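Here is how the chains run, residue by residue.
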Amino acid sequence: MDIKSPEFKQSARIALQDANLQKALGNLKAGFPGKRAAAVARVPEFEELRDQAHDLKNHILEHLDLYLEEFEARVVENGGQVHWCSTSEDARQTILQICREQNAKTVTKGKSMVTEEINLNEFLEENDIRPVETDLGEYILQLRGDHPSHIIAPAIHLNLEDVSEAFHEHHKRPKSDDPAELMAEAREMLRKQFVAADVGITGANFLVAETGSTLIVTNEGNGDLTQTLPKTHIVVSSIEKVVPTLEDMSLFLRLLARSATGQEYSVYNTLSSGNRRPDDQDGPENFHVVLVDNGRSDMVGTQFQDMLRCIRCSACMNHCPVYGSVGGHSYGWVYPGPMGSVLTPQMIGIEKAGLLPNASTFCGKCEEVCPVRIPLPKLMRHWREKEYEKHLSPKAVRWGLSGWAFLATRPRLYRLFSSSASKVMRMLGGGKGKVTKLPLAAGWTDHRDMPTPTGKTFMQQWDERQKQEKQP
Amino acid sequence: MSRAEIFANIRRGLRRTEATEAQKEAVRQRLQQHPRNRIPARSLHEHDAQVELFIRMAQEAAAEVIELESLEQVPTAAANTLEAKGQNELVLASDDSLANLGWAEVHERIECHQRVGQVGDQASLTLAFAGIAETGTLMLYSRPDSPTTLNFLPDTHLVVLSKQDIVGPYEDAWDRLRESAPGRLPRTVNMITGPSRSADIEQKLQMGAHGPRQLVIFLIP
Numbered sequence: 001m002d003i004k005s006p007e008f009k010q011s012a013r014i015a016l017q018d019a020n021l022q023k024a025l026g027n028l029k030a031g032f033p034g035k036r037a038a039a040v041a042r043v044p045e046f047e048e049l050r051d052q053a054h055d056l057k058n059h060i061l062e063h064l065d066l067y068l069e070e071f072e073a074r075v076v077e078n079g080g081q082v083h084w085c086s087t088s089e090d091a092r093q094t095i096l097q098i099c100r101e102q103n104a105k106t107v108t109k110g111k112s113m114v115t116e117e118i119n120l121n122e123f124l125e126e127n128d129i130r131p132v133e134t135d136l137g138e139y140i141l142q143l144r145g146d147h148p149s150h151i152i153a154p155a156i157h158l159n160l161e162d163v164s165e166a167f168h169e170h171h172k173r174p175k176s177d178d179p180a181e182l183m184a185e186a187r188e189m190l191r192k193q194f195v196a197a198d199v200g201i202t203g204a205n206f207l208v209a210e211t212g213s214t215l216i217v218t219n220e221g222n223g224d225l226t227q228t229l230p231k232t233h234i235v236v237s238s239i240e241k242v243v244p245t246l247e248d249m250s251l252f253l254r255l256l257a258r259s260a261t262g263q264e265y266s267v268y269n270t271l272s273s274g275n276r277r278p279d280d281q282d283g284p285e286n287f288h289v290v291l292v293d294n295g296r297s298d299m300v301g302t303q304f305q306d307m308l309r310c311i312r313c314s315a316c317m318n319h320c321p322v323y324g325s326v327g328g329h330s331y332g333w334v335y336p337g338p339m340g341s342v343l344t345p346q347m348i349g350i351e352k353a354g355l356l357p358n359a360s361t362f363c364g365k366c367e368e369v370c371p372v373r374i375p376l377p378k379l380m381r382h383w384r385e386k387e388y389e390k391h392l393s394p395k396a397v398r399w400g401l402s403g404w405a406f407l408a409t410r411p412r413l414y415r416l417f418s419s420s421a422s423k424v425m426r427m428l429g430g431g432k433g434k435v436t437k438l439p440l441a442a443g444w445t446d447h448r449d450m451p452t453p454t455g456k457t458f459m460q461q462w463d464e465r466q467k468q469e470k471q472p
Numbered sequence: 001m002s003r004a005e006i007f008a009n010i011r012r013g014l015r016r017t018e019a020t021e022a023q024k025e026a027v028r029q030r031l032q033q034h035p036r037n038r039i040p041a042r043s044l045h046e047h048d049a050q051v052e053l054f055i056r057m058a059q060e061a062a063a064e065v066i067e068l069e070s071l072e073q074v075p076t077a078a079a080n081t082l083e084a085k086g087q088n089e090l091v092l093a094s095d096d097s098l099a100n101l102g103w104a105e106v107h108e109r110i111e112c113h114q115r116v117g118q119v120g121d122q123a124s125l126t127l128a129f130a131g132i133a134e135t136g137t138l139m140l141y142s143r144p145d146s147p148t149t150l151n152f153l154p155d156t157h158l159v160v161l162s163k164q165d166i167v168g169p170y171e172d173a174w175d176r177l178r179e180s181a182p183g184r185l186p187r188t189v190n191m192i193t194g195p196s197r198s199a200d201i202e203q204k205l206q207m208g209a210h211g212p213r214q215l216v217i218f219l220i221p
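Chains A and V, in that order, give the protein sequences.
Residue numbers 1 to 472, in UniProt numbering, belong to the letters of the first sequence in order.
Residue numbers 1 to 221, in UniProt numbering, belong to the letters of the second sequence in order.
Pulled out of the complex, with its shape left as it was, chain V reads as follows (with noise of 0.2 angstroms):
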């Protein structure tokens, strides 16, 4: 039996069969506290300047980041941005949040639909859980009303991100997370920054390998 082998070989290694009481104590210590490791000093500051620092990683990363000034005027956002890239059919997370909005003021413009993403989808909206400062990333998670597919089929992701959910170094996202899923993370837990990419042809870049060719990300107040 392998499992019992790579265990027994494991110990023999360390020199020991079961491990101590101090040793266990120190597992389960780091696990239950999960203590942070040194943070770099660039995200750790005021709440605007993290929004600042997010648009700009962002940015690097190749994400296009439009502000607005409210939720409701998302459906115009997408309307627009999607039609400058000669796209009409938008897929929705079915959160409330989202699919609640005013689409029927734009169902001239795009065609909206509501389920998992497909292959030839042209672009999907979906809600991000946190926007992390740090690096530009977006972090968003799998649930029955925004599906993990919505954020890598489609040739244009677009993302609702609320200024009050950016925080600056990804300690700050876990900690929220563990609040919004006690116990256990949901199946999947997705941290993008910026469009899909691949370099492997000569180590030149190109951009949008098999995720999305483009990610625009809509900022709300």
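Isolated chain A (complex conformation) (with noise of 0.2 angstroms):
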């Protein structure tokens, strides 16, 4: 998909303003927090698997050349193959080519989110390959011509008028009110796909190193349709995926469906390891696993390593206020909200991505929230800090750092200015409390009122208390 990060500001303040947008957030909004919070509740132990998951998860990058090498042994004993892609060129070359052995005219899709990174399905497109998306909400952004906007409900920024329209026009049926009747006729106009695909491309949740196997987790059964009924699966995934054991993919699954959705656990966990044995009546004939780095490794040792541990549950979007007001387009590639606002500075780069780790509040609740602990708020400073080194920030934010630079390092001039500013907003408020005009803020009060100071600065206060303990 098209870069359009750079937009932020601009395709933000449209979100804000698209009532049918708004219209859908706050089905997200009313929604994921209170489920993730409920089946939280439930297991009393969720912070001491959290603890473990953080732990194991960074014991993985500290050995994540030896659990590879270990994934691709056994994978390759299992009957498959491991391909290695650094690049999406890579990637998508390399599928092309399994696609093309197989003469492959359709390929089914489950949900993917690399496959998105890769930019496969134009790509396919443009070789005369048919991709189908098979997830529910991925078809309708296919019909639509449309991407996700978020990385487990991808059409969440869809109304049921939306689909109802999208079905009308491909499927030429009578348009439907009843989410139930369209979900019958996805249902119906898919069966068909299933079996006709020469090809079918999951991703993976999990790389299992113990026994070569990739994991995934649906509620739909449409990825198990698709890597059973066609004669090759190709699993499309990432490096950081790999987990040692199916001990330790199970302490993961304890968090990744309670954190996304709020359920106990996805309707469908399903391993794949291999190709169909003998005397099997089904499964696929050849199983291929094609592994992308994608800027990955190069995150390995260094402040951004955190990152790595993400399980893309989506737990930090759900909750993050920026995403829940501007959508998940308004970020301008795959992954948007916190998560996204880490990971797309470094596959697209901060000259394109710099808006980005600068659209938070830092209010805290992603991290709140993360099941492997991420610091969120912290990585994206880091990105902010780079982008300023690289001079790509803009003028006025530098101009003002620097401004604040020279008074912060001048205690004296410092005291001065901010008790007159306090004084000066106090005035500007005038007994109200709050502000509702500011010069050169109108970026902030055209949006809400700021509050006026409401006594002496810390330091006056410091100063009075200093003198009133030193009396006897």
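No lab work stands behind these hints: they were computed from the structure.
In this text, all values refer to a predicted model and were calculated from it rather than measured experimentally.
Glycine included, C-beta positions come from ideal geometry on N, C-alpha and C.
Only true hints are included.
When the alpha-carbon atoms are kept at most 16 angstroms apart in a straight line, the in silico EDC-like pairs for lysine to aspartate or glutamate are as follows:
{"#": "1", "chain 1": "A", "residue 1": "K23", "chain 2": "V", "residue 2": "E202"}
{"#": "2", "chain 1": "V", "residue 1": "K163", "chain 2": "V", "residue 2": "E52"}
{"#": "3", "chain 1": "V", "residue 1": "K204", "chain 2": "A", "residue 2": "D162"}
{"#": "4", "chain 1": "A", "residue 1": "K4", "chain 2": "A", "residue 2": "E116"}
{"#": "5", "chain 1": "V", "residue 1": "K24", "chain 2": "A", "residue 2": "E62"}
{"#": "6", "chain 1": "V", "residue 1": "K24", "chain 2": "A", "residue 2": "E69"}
{"#": "7", "chain 1": "V", "residue 1": "K204", "chain 2": "A", "residue 2": "E161"}
{"#": "8", "chain 1": "A", "residue 1": "K4", "chain 2": "A", "residue 2": "E351"}
{"#": "9", "chain 1": "A", "residue 1": "K175", "chain 2": "A", "residue 2": "E161"}
{"#": "10", "chain 1": "A", "residue 1": "K432", "chain 2": "A", "residue 2": "D449"}
{"#": "11", "chain 1": "V", "residue 1": "K204", "chain 2": "A", "residue 2": "D177"}
{"#": "12", "chain 1": "A", "residue 1": "K395", "chain 2": "A", "residue 2": "E351"}
Some, not all, of what chain V presents toward chain A, calculated at C-beta under 7 angstroms:
{"#": "13", "residue": "T137"}
{"#": "14", "residue": "T149"}
{"#": "15", "residue": "R187"}
Derived list of chain V stretches under chain A, where covered just means 3 residues or more per stretch with a C-beta under 8 angstroms from a C-beta of chain A:
{"#": "16", "region": "16-30"}
{"#": "17", "region": "54-66"}
{"#": "18", "region": "195-203"}
Grab the two chains, each in its own frame, and use the hints to assemble them into the complex.
In structure tokens form, the structure reads like this:
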């Protein structure tokens, strides 16, 4: 998909005024946080599981090469092949070659954000291979020529009418305003595709080194039909998804669904270990795992390594006030929300994605709900520092920071400035306790009031108390 | 060559070339011993309590649980269940324990087949390898006499589960699986918790997306 991250400000402004989008985002805010909280409350050990998951991911990253080698060896023993791809282009070419070997005309796809990341669908189409998305949300988006705005609820930005419209146009059937009917329609349409496909492509939530297995988590069962019916199954995943053992996978699975949808467990958790065995009556004859790097190995050993713990649950965006206000498309690329604001600059460059780590109030909710305790605000701050070092920050920001630094390194001047600014603010507030218009700060006061300082500055209070304490 | 590049990059980040013997040993041990992480206390009880928990959690996930007195009751129970749903065809896994049951007695009520699942199938019957009480999850795996398509294509999925095969947490099921298939896992292992669903339209949950619309568990002693 085209990179639109540099237009974040305009996109966000439009999104805030888009009544349909705001209605759709209301569904997100009314749903996910409450469901997560209820699911978490049922597991008294939840915080301990988070600690263990944090530690285990760190252990994996410290031994990443070793676990990946083990995983590869087991996949080969199971009759599969592993393809290593440094870049999106490597991955696209590898997948195309496998498809061509099979003379593939139609490819069914389970939900996969990595295939979004490598822009696979467009590429396959250019090469006369028809990709068919089978996850209900992704299917709706494909019919509309749209892209996911959320990593697990891809069509969260749409309303019932949009779906009804898209189905009516493509299925040539009467419109319906019943979600159950619409889903039944998609089920019927996709049944034919599942059987017709030559190749099935899925993602993987985890790669198990012990057994050489890939695991997908779905609620619909589309991923299972995608990988069971065609002659060839291609798993497209990324290198940080490897876990040591089935026990370790279980630790993450106890966190994943609860953090994501607030379910106890997703409906289908499916392990795939190689190709069809002798005498098996179904299952793919060929099994390929395409492992994409795309900048991830560059994060190892850096201040961004923590981000490689991410298990893509979406809790951070579900709880983010910025995401909840502007939606996923405003972020302008594949991964939205707080996790996207950290990952996107790594993958497309801070030059293009600089606005994203700035699109945060640092309220800290994302870190609070992250099942693997990624310090997302801290990582966004690292990107802001990088942006500043590279002189990419806007002039107003740089001047503001220089001005503040000038004052902050001169304590007397700083105190003089802050105490007089406090007085001026109080005057402007006129006793209402808030300022509704402030020169040079319309960006703030257009949308909310600025509270006025309520009393003396910290330093004034400090001095007074020191004096009081000295008095006997 | 991407592989060499990726590994070199990872090792550069880890500030080493080859891993040390101690690091390799740590990895070997973890893989061989597969230590358990924290297991929620919820499922760590006596077997009877685990069976009870399994039933409760499976029902919560919208599975139907029907307790039978013996495996021999399955054909009649299957016929009753399908009739109630207006169905009269059933595709059976060819597991001996299922195939050898008295299907002849119900042949006037349901038409039985033994094959892989196909588009348009009304119902299937398969045997679960284990039931996991923690979340009411069924574990099934692929083998010549239990094709995977039977778990996903039909509208109604009937599953026979023996109470003896109900365990508390997933970890107990992994141990059983390692024992029954030493060396390597079956091609696919399915953990199934309730029937298929999606909330992709306006976050409103609808049952029966692409997998079975109904999941019925026949619980036998």
